[in-house]
Each structure stands twice: as C-alpha cells, then as structure tokens.
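Peer 1: Chain residues, written in single-letter form:
There are 2 protein chains.
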Amino acid sequence: MKPLEGIRVLDLSRVLAGPYCTMILADMGAEIIKIERPGEGDDSRAFSPFIGEESAYFMSINRGKKSITLDFKNPLDMEIFWELVKKSDIIVENFRPGIMEKLGMGYTEIKKVNPRIIYAGISGFGHTGPYSGRAAYDMLAQAMSGLMSITGEAGQPPVRVGTSVGDITAALFGTIGIMMALHVRSSSGEGQKVDVSMLDSQVAILENAIARYEVTGKVPGPLGTRHPAIAPFQGFPTKDYYVIIPCGNDILWGKLCDALGMEQYKADQRFKTNKDRVENVDELDRIISDITKTKNTHEWVELMDLIGHPVGVINTIDQVVNDPQVLARNMIVEVEHPIAGKMRVAGNPIKLSTTPGDIEKPAPLLGEHTGWVLQELLGWNEEKIRAYLKKE
Amino acid sequence: MKPLEGIRVLDLSRVLAGPYCTMILADMGAEIIKIERPGEGDDSRAFSPFIGEESAYFMSINRGKKSITLDFKNPLDMEIFWELVKKSDIIVENFRPGIMEKLGMGYTEIKKVNPRIIYAGISGFGHTGPYSGRAAYDMLAQAMSGLMSITGEAGQPPVRVGTSVGDITAALFGTIGIMMALHVRSSSGEGQKVDVSMLDSQVAILENAIARYEVTGKVPGPLGTRHPAIAPFQGFPTKDYYVIIPCGNDILWGKLCDALGMEQYKADQRFKTNKDRVENVDELDRIISDITKTKNTHEWVELMDLIGHPVGVINTIDQVVNDPQVLARNMIVEVEHPIAGKMRVAGNPIKLSTTPGDIEKPAPLLGEHTGWVLQELLGWNEEKIRAYLKKE
Numbered sequence: 088m089k090p091l092e093g094i095r096v097l098d099l100s101r102v103l104a105g106p107y108c109t110m111i112l113a114d115m116g117a118e119i120i121k122i123e124r125p126g127e128g129d130d131s132r133a134f135s136p137f138i139g140e141e142s143a144y145f146m147s148i149n150r151g152k153k154s155i156t157l158d159f160k161n162p163l164d165m166e167i168f169w170e171l172v173k174k175s176d177i178i179v180e181n182f183r184p185g186i187m188e189k190l191g192m193g194y195t196e197i198k199k200v201n202p203r204i205i206y207a208g209i210s211g212f213g214h215t216g217p218y219s220g221r222a223a224y225d226m227l228a229q230a231m232s233g234l235m236s237i238t239g240e241a242g243q244p245p246v247r248v249g250t251s252v253g254d255i256t257a258a259l260f261g262t263i264g265i266m267m268a269l270h271v272r273s274s275s276g277e278g279q280k281v282d283v284s285m286l287d288s289q290v291a292i293l294e295n296a297i298a299r300y301e302v303t304g305k306v307p308g309p310l311g312t313r314h315p316a317i318a319p320f321q322g323f324p325t326k327d328y329y330v331i332i333p334c335g336n337d338i339l340w341g342k343l344c345d346a347l348g349m350e351q352y353k354a355d356q357r358f359k360t361n362k363d364r365v366e367n368v369d370e371l372d373r374i375i376s377d378i379t380k381t382k383n384t385h386e387w388v389e390l391m392d393l394i395g396h397p398v399g400v401i402n403t404i405d406q407v408v409n410d411p412q413v414l415a416r417n418m419i420v421e422v423e424h425p426i427a428g429k430m431r432v433a434g435n436p437i438k439l440s441t442t443p444g445d446i447e448k449p450a451p452l453l454g455e456h457t458g459w460v461l462q463e464l465l466g467w468n469e470e471k472i473r474a475y476l477k478k479e
Numbered sequence: 088m089k090p091l092e093g094i095r096v097l098d099l100s101r102v103l104a105g106p107y108c109t110m111i112l113a114d115m116g117a118e119i120i121k122i123e124r125p126g127e128g129d130d131s132r133a134f135s136p137f138i139g140e141e142s143a144y145f146m147s148i149n150r151g152k153k154s155i156t157l158d159f160k161n162p163l164d165m166e167i168f169w170e171l172v173k174k175s176d177i178i179v180e181n182f183r184p185g186i187m188e189k190l191g192m193g194y195t196e197i198k199k200v201n202p203r204i205i206y207a208g209i210s211g212f213g214h215t216g217p218y219s220g221r222a223a224y225d226m227l228a229q230a231m232s233g234l235m236s237i238t239g240e241a242g243q244p245p246v247r248v249g250t251s252v253g254d255i256t257a258a259l260f261g262t263i264g265i266m267m268a269l270h271v272r273s274s275s276g277e278g279q280k281v282d283v284s285m286l287d288s289q290v291a292i293l294e295n296a297i298a299r300y301e302v303t304g305k306v307p308g309p310l311g312t313r314h315p316a317i318a319p320f321q322g323f324p325t326k327d328y329y330v331i332i333p334c335g336n337d338i339l340w341g342k343l344c345d346a347l348g349m350e351q352y353k354a355d356q357r358f359k360t361n362k363d364r365v366e367n368v369d370e371l372d373r374i375i376s377d378i379t380k381t382k383n384t385h386e387w388v389e390l391m392d393l394i395g396h397p398v399g400v401i402n403t404i405d406q407v408v409n410d411p412q413v414l415a416r417n418m419i420v421e422v423e424h425p426i427a428g429k430m431r432v433a434g435n436p437i438k439l440s441t442t443p444g445d446i447e448k449p450a451p452l453l454g455e456h457t458g459w460v461l462q463e464l465l466g467w468n469e470e471k472i473r474a475y476l477k478k479e
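In order, the protein sequence lines correspond to chains A and B.
Our numbering numbers the first residue of the first sequence as 88 and each following residue consecutively.
Our numbering numbers the first residue of the second sequence as 88 and each following residue consecutively.
Just chain A, with the same shape it has in the complex:
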C-alpha cells in the first residue's frame, strides 16, 4: 500500500512548480487528474529534449498522472470540472493569482461546492502583497530572493543555480502545506487554502546568509565552492576536472600537507590555525591549486584516502546516473512510455518502510483519460461519452 492511496488530486498546474508537487503526490499513490487545455495541453509538452514527438521534460515530471482536457470557456466542460471538484480531496494550481477568481474558480467558489477540499495555489509571489499579480519565472525568483547574489565566484557575475530551485522548493513547501492541511482535515473535516510562493520559498532557504547580514551588517556575496568559515574547504582544479578537499581542522591540515607534498607549509605562520588559513585563503588557494593541477582527480582521491583525509569528487550528470549509491537507492528508475519507449527519470527520495511510494506508470498522452474519467468517476454511459468526445 502507498501512503496516499484513496486521495484524489485535481491538478490544474502547468510546467514545473505545480506539476513537481503533484508528481510527489502521484509517486506516493494519490490519483492525479491532470486537467489540460484542449489542443496543446501543458506548455511543457513543447519543451525540449524530445523523444520522437514526446517531450522528455514533460514525461519526467508527469509520470503516473491521468490526463483529461477541459476548455474552461465551455459550459459542459465546466460542469465536468465542478463534478470533479465534488469528488476530489485536493486541488493544485499554479496560475498567476487572480486568474482562478476571474474564471469563477477561486477558492471561495471551490469551497462552496466542496468544503472538505484542500486548495493549493503555488505562485511566483503569493496570493497577497504588492507583487502578487506579477508573473514570475524561476530565474526571477532566484534573482529577487538574493539566492543568485550569493551563488557564483567572488568578484564574478552572480550565477543561477543549475536547476530550477525556485519552482522546486515552492513545490516542496506546497506539498508539506497540503499534507498539513490533510492532517488537520482528519480531525476537523474541513479543507483550507495553502498559499505558497516561489519568492517566499527562496527566502526561507537562504539559511545563514540572513543571520550573517543581520548580525554583521555585511552583505554576503558569492564564494565559489569555498566555505565561509573553514579553509581549505573547497573545490580545487585537477589535471582532468576538480576535487573537493574539506579540511575541517588543524590535524587534517597536517595530513593534507603530507598528502599534497607541501610539508614546508605545515609550520607556516600564515596557515597555522583555521583562522589564519581563512584570512589567507587566496594565497592558500593558489598554492594548493598549483599542486592539485598536476594529477588527475582519481589519483588525488586514492592518495587522500590512503592518508586518511576526507575527499570528494564533483560528479557530472553522466556519472551521477550510473553511481552505485544512486542506483542502489533506486534514484534513477525506468519508465516505459507507450510511444517514446523506455526512459530513465529521477526516483523518489522519500523512503518509507511500510508504505513506500513507487514510480510505475508513464506520463499520460494529452487527454488520454478523458473517457475513463467520465465513465469511472462521473458515471456517464458510453453513448453520452461518445457524443461528448465527438463534439470536441
């Protein structure tokens, strides 16, 4: 049994923040009825890369969901929508705030039809506040939240995190909010609205940057791979790529000098304590980099392992998807799509001992389950379904 068996989600969301949230719910056993625009469907069906005509991007985020197409301007389609609202536990949307209200589908209306429903709106800036109605992209959320200003090399341009953490952390906080609302409903019997924004979510993960600024008044900047308070604790260039050397204390510093053949620096006053090394980190960086460049990464890893100093590798994506630990944890799983065939996607990181989730079914074709939904959920007879599908 999966943890969310018996929970039905009406999913009006598109692209990433909403779909990532409903992906987690789907992996955990909820039934996701994804409502898409007739014709094009979710915008991300047009996002590269493609396998044939199918977007691998769309397929990776929408595995295990059911798809039905509805035109919100068609009264019969809206009748279907409201019937589905009555029969669902959760509704997820990531429209710009105000759009659902304009369509007559805001939380106030939804609640009237089904007071038990949990309504999650995931948006760029949230359903309140002066920027509420603005559109947002992941990049803008990363930029406006300060995250970009602390990511990159010191003295170099700010850098976007290489994955859409703006969307994804909003999806994660949104999922937590939904689960909390479900917990409350189990005793109160009432649903509620969950309002999560990309900007809020980025501020929530800024971690020590806020404390550092509040206490010292100094504006934190980017540090490359460097640790702000420990040195050397960063990536160094090797002959073929980079190696991470996390040297956390003075005993390790001695070992590191042995491993790198830099015994002459052991007693150097500039590098004696961690405080000294942090103060002279630029010089230290140059000295160590000149040495690490002389060997390949795997040679340094063997050497450091031998001498008992921690060491890390910076894997590239081709290495990650074949890493023994990643595979042992089922973090790369194969899904078979009826048209695109087999493809590998990221697995589910939430490992539950008695009710684990699972990734079995592929992403749906556009409107693949419209007939099924009308028949199984709304109880329409075949004739009515055939007439409806013909009219479309």
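Think of the hints as simulated: they come from the structure by calculation, not from any bench.
Treat the numbers as computed from the prediction; the structure is a model and nothing was measured.
Keep in mind that a hint or two might mislead.
Where chains are identical, the list cannot tell them apart; a pair therefore holds if satisfied intra-copy or between any two copies.
Said to hold, decoys possible - Below, computed lysine-lysine pairings styled on DSS-like, alpha-carbon distance capped at 27 Å:
hint : residue 1 : residue 2
1    : K189      : K380
2    : K380      : K477
3    : K380      : K305
4    : K448      : K353
5    : K353      : K382
6    : K174      : K448
7    : K478      : K160
8    : K471      : K359
9    : K305      : K382
10   : K362      : K160
11   : K429      : K173
12   : K362      : K173
13   : K429      : K198
14   : K471      : K189
15   : K198      : K305
16   : K199      : K173
17   : K353      : K342
18   : K89       : K448
19   : K173      : K326
Since the structure of chain A is provided, determine the placement of chain B on it from the hints.
Peer 2: Coordinates of chain B only, in the frame set by chain A:
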C-alpha cells in the same frame, strides 16, 4: 490553532538537515523536545555569527524548540530518553547511519517501545547502499549529486549553491515523508521509518539535467545565468550591478531592441528567431552587455517597464530583507531572545488559511527545559528533579 498542535517530536538532530525539518514542524505547532549533549549541545551553537555568546546561526534554525540535555552513556538519562520515546509521535535524527543502532536506539528498538512512533533518519547517503556509513557535508552532497557540475559560468569552475540546499532539500523531503507517515498512522495506528538522504534529494531536484543527458547523451554543464533554450534570457552587467532580461519570444525581441537602442539588430539574420539567438548567444551577450553597462540597474528597469518588456533585478541580501513583498508576506520576522535580544529570521513560507503556523518563541538555551520536561512530561516531583539536576 496551528496544524500540528498536539504532536510531540523527539529531536536528536544537530546542525542543519534535521534541525531545519524540526523547525518547520515547530513553526507549525508541534512540540519539539530537542535532546542535546550536556556541555556543548548542538554543534551549531558554536557556529558564527554570534550575538554576544549566542550563535545567530543556531538561534535562526532552532526557534520555538525546547532543549533538554541527555548523556546517552548515563543509564538514568537513558531511562528518561525511553520514557520520552513512549510519549512522542515523531523522532528525528541525522546521525551517520549505524550510530543509533550502536547506541541501542535504532528504529527496531524504538518501535518495540512505541509502535505508533514515526522515526525519521536524515543522512548524507541514506540507511542503505554501499556509501551508507560514510559521513557527508552539504558540499559533498552538492558535488557528488551533479548539482555543482551544472552550476557556475560555462568554462569556469563548478560552483556551490550559495545556501546549503543539500541539507535543506533533505529536510523538506524528510518533512513530507513524516507528514505522509502521519497520514498513514491516522488510519493504521502504526508508525514507520522515514529514510531520506542528502544525495537522493539532490538527484531528485536535478530536473531537466537528467532528461537532457538521457535523451541527447550530452553531459550538461554550467550556464551562468543563461536559459538553456531561450535567448536572450539571462543577467547582464549594468553600471552598478546586474539586470535580468528574460526575452521569451520574437515580439519581445523587437521591444528589447527598441529599449536598448539596438534597432540595427532587429532584422539581423543572426538574431531573427529564438533559434538563431540561441545559436549566436555569445555574440548577442557581448553586444547587449556593452549596452547594459552604460546605465544603472534602476534606469534599465524603468526603461524596460516603460516599453513593456519584462525585467528583473538581482537583489542582494540587504535588499531582500527590506523588500516590500517579502515583508508583506511575513517572510522576515523578529524573535526576542532572552540573552541575545531581538533578532530577525526567515519566516514560514507555508501559508495556511485556517490553521496558519507562527514563529513566536526564541531558540532555547542549552538544557533550558530539562526541569520542565521531567516535571510536566514525566511527572517527576520537585525533590527528584532537584536531586537529578544536582548530580549532573
């Protein structure tokens, strides 16, 4: 009422991944009994920056929790621990896998004493697999997961995300797992184990990097602030900092040429369609950068707004903590600490309409609630408590 009122969490975790998870649970109304080592307590009590002798880092992540000190080698302290296990709903730990078992406190033992308890172990590599027993830092998780390899400037060294996303996303997936286990328990009456790792969590957020590699066979690299498939859609240098120009289609391209006074490029074959612009993005970058450098960021924002082209700013932390939207959403809140005084911390991004969370209480002093726990939760009389506290 807060969503998790009546839920008690036994928190054995230290530093960030575990404490961030229990911070969310605390903000949402759960009672967190943080068990710390006598003497030093949570390692992060020694992390800079400090307000007087109190770590602002520790205080920001541990607001609203109760602290009790227990020595796992002392039999009387272990009696207290097992009494607390009986009276708790959730236990959270982020030790290296195997440590809890060595202490005789693994999930098998915990479950015997309280089969309803939900046990969350948040670790670097997870409780199974070949690397399970290894120690991990956020930096190693970011490096090994591939995240670092896709973050940074093209052709430049990989970069660490400026916040500890390795720890924090593990905390978020862990919180989701706990809430799902709680949902299952509400019908089954049984707890279970939640096993979440930093490495798994990073792989789960790699998003399109995996799909791109699986489909094209090309290893994704870092792109600075650039979008992989749209151009120009990135940060550009200005006289005083940077500006984000997200030019999503050909109509916007025309507007952008007007705004930047580069009409001569409108009909340029190299930049005619998005496909052309992506192919010639390096040239485009040089041309636009030369222009954007001539004015300050706020001037470009006004100009682009006037001409109706989307535009974004890269805020620094000092701007973020004073941003009107961030403040309107209560994403920077003040907590009053008995020794350190007032300090501002990141707020709670999960906005629930009828049972919202709240951040009211400061982080605890080390062992501040030991007496309270013994009296209120375990029902010890004053004499017994006094004798116990004296012996310590």
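Peer 1: Tell me, please, which holds for K380 and K477 at an alpha-carbon limit of 27 Å: within, between, both or neither?
Peer 2: neither (67 Å within a copy, 58 Å between copies)
Peer 1: Regarding K198 and K305, is the shortest C-alpha distance of 27 Å or less found within a copy, between copies, in both, or in neither?
Peer 2: neither (47 Å within a copy, 48 Å between copies)
Peer 1: How would you classify K471 and K189 at a CA-CA limit of 27 Å: within, between, both, or neither?
Peer 2: neither (30 Å within a copy, 65 Å between copies)
Peer 1: For K305 vs K382, is the C-alpha pair at or below 27 Å within one copy, between two copies, both, or neither?
Peer 2: between (38 Å within a copy, 25 Å between copies)
Peer 1: Given identical chains, is K353 near K382, meaning Cα to Cα at most 27 Å, within a copy, between copies, both, or neither?
Peer 2: within (21 Å within a copy, 49 Å between copies)
Peer 1: When no copy is specified for K380 and K305, does a C-alpha distance of 27 Å or less occur within a copy, between copies, both, or neither?
Peer 2: between (34 Å within a copy, 25 Å between copies)
Peer 1: Given a CA cutoff of 27 Å, do K199 and K173 count as a within-copy pair, a between-copy pair, both, or neither?
Peer 2: within (10 Å within a copy, 42 Å between copies)
Peer 1: At most 27 Å between alpha carbons: which applies to K189 and K380, within, between, both or neither?
Peer 2: neither (60 Å within a copy, 41 Å between copies)
Peer 1: Tell me, please, which holds for K173 and K326 at an alpha-carbon limit of 27 Å: within, between, both or neither?
Peer 2: Neither: 62 Å inside a copy, 56 Å across copies.
Peer 1: Is the C-alpha distance from K429 to K173 at most 27 Å within one copy, between copies, in both cases, or in neither?
Peer 2: neither (36 Å within a copy, 47 Å between copies)
Peer 1: Cα distance capped at 27 Å. Does K362 pair with K160 within a copy, between copies, both, or neither?
Peer 2: So K362 and K160 fail the 27 Å test inside a copy (66 Å) and across (33 Å) alike.
Peer 1: Classify it for me, K471 with K359: is the Cα-Cα distance of at most 27 Å met within a copy, between copies, both or neither?
Peer 2: neither (82 Å within a copy, 49 Å between copies)
Of the hints listed earlier, those the structure fails to meet are numbers 1, 2, 4, 8, 10, 11, 12, 13, 14, 15 and 19, in rising order.
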